[in-house]
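**Student:** Based on the sequences and whatever the hints tell you, model everything.
Under the working numbering, the first residue of the sequence shown carries the number 6, and numbering increases by one thereafter.
It should be emphasised that the hints constitute simulated quantities derived from the structure, not laboratory data.
Here the structure is a predicted model, which means the values were calculated and not measured.
Using N, Cα and C, we set each Cβ at its ideal position, and we do this for glycine too.
Heads up, some of the hints might be wrong.
As the list claims (entries may be wrong) - Here are the in silico distance ranges between beta carbons for each label pair:
{"#": "1", "residue 1": "LEU31", "residue 2": "PRO11", "range": "26 to 34 Å"}
{"#": "2", "residue 1": "THR15", "residue 2": "LEU36", "range": "29 to 37 Å"}
{"#": "3", "residue 1": "ARG12", "residue 2": "LEU34", "range": "29 to 37 Å"}
{"#": "4", "residue 1": "GLY10", "residue 2": "LYS39", "range": "39 to 47 Å"}
{"#": "5", "residue 1": "HIS17", "residue 2": "GLU38", "range": "27 to 35 Å"}
{"#": "6", "residue 1": "GLU38", "residue 2": "PHE18", "range": "24 to 32 Å"}
{"#": "7", "residue 1": "LEU34", "residue 2": "ALA13", "range": "27 to 35 Å"}
{"#": "8", "residue 1": "LYS39", "residue 2": "GLY19", "range": "27 to 35 Å"}
{"#": "9", "residue 1": "PRO11", "residue 2": "LYS39", "range": "36 to 44 Å"}
{"#": "10", "residue 1": "GLY10", "residue 2": "GLU38", "range": "41 to 49 Å"}
{"#": "11", "residue 1": "ALA13", "residue 2": "PHE33", "range": "29 to 37 Å"}
{"#": "12", "residue 1": "ALA35", "residue 2": "THR15", "range": "28 to 36 Å"}
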Amino acid sequence: MSSLGPRAATIHFGAWERRGFARIRLLFLALEEKQPMDVQV
Numbered sequence: 006m007s008s009l010g011p012r013a014a015t016i017h018f019g020a021w022e023r024r025g026f027a028r029i030r031l032l033f034l035a036l037e038e039k040q041p042m043d044v045q046v
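**Tutor:** Take a look at the structure:
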């Protein structure tokens, strides 16, 4: 872990963040398919 510099750690965290955001977006898309669009977020 000490071999990772701050820049590498930031990039790695950013990748995980994007991955989590994509998963949340997919979850919202799945919910929109199951129910009508009258529900506003």
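**Student:** Is 26 to 34 Å respected by the C-beta to C-beta distance linking LEU31 and PRO11?
**Tutor:** holds, 31 Å
**Student:** 29 to 37 Å was suggested as the range; check whether the CB atoms of ALA13 and PHE33 agree with it.
**Tutor:** Because 31 Å falls inside the window, the suggested range holds.
**Student:** Using the C-beta atoms of HIS17 and GLU38, is the stated range 27 to 35 Å upheld?
**Tutor:** holds, 32 Å
**Student:** So the hint says 27 to 35 Å: do the beta-carbon atoms of LYS39 and GLY19 match that?
**Tutor:** holds, 31 Å
**Student:** At the C-beta level, are GLU38 and PHE18 separated by a distance inside 24 to 32 Å?
**Tutor:** holds, 31 Å
**Student:** Could one say that the CB atoms of GLY10 and GLU38 fall in the range 41 to 49 Å?
**Tutor:** This hint holds: roughly 42 Å between Cβ atoms.
**Student:** Do the beta carbons of GLY10 and LYS39 sit within 39 to 47 Å of each other?
**Tutor:** At roughly 44 Å between Cβ atoms, LYS39 and GLY10 fall inside 39 to 47 Å, so the hint holds.
**Student:** Taking 29 to 37 Å as the hint, is the beta-carbon distance of ARG12 and LEU34 inside that range?
**Tutor:** holds, 33 Å
**Student:** Has the hinted range 28 to 36 Å been met by the Cβ atoms of ALA35 and THR15?
**Tutor:** Holds - the Cβ-Cβ distance for ALA35 and THR15, about 31 Å, lies within 28 to 36 Å.
**Student:** Range hint 27 to 35 Å: satisfied by the CB atoms of LEU34 and ALA13?
**Tutor:** Given range 27 to 35 Å: holds, Cβ gap about 32 Å.
**Student:** Given a hinted range of 29 to 37 Å, is it respected by the beta-carbon distance of THR15 and LEU36?
**Tutor:** holds, 32 Å
**Student:** Take the C-beta atom of PRO11 and the C-beta atom of LYS39, compute their distance, and say whether it sits inside 36 to 44 Å.
**Tutor:** Since PRO11 and LYS39 have Cβ atoms about 42 Å apart, the given range 36 to 44 Å holds.
Violated hints are absent here; each numbered hint is respected by the structure.
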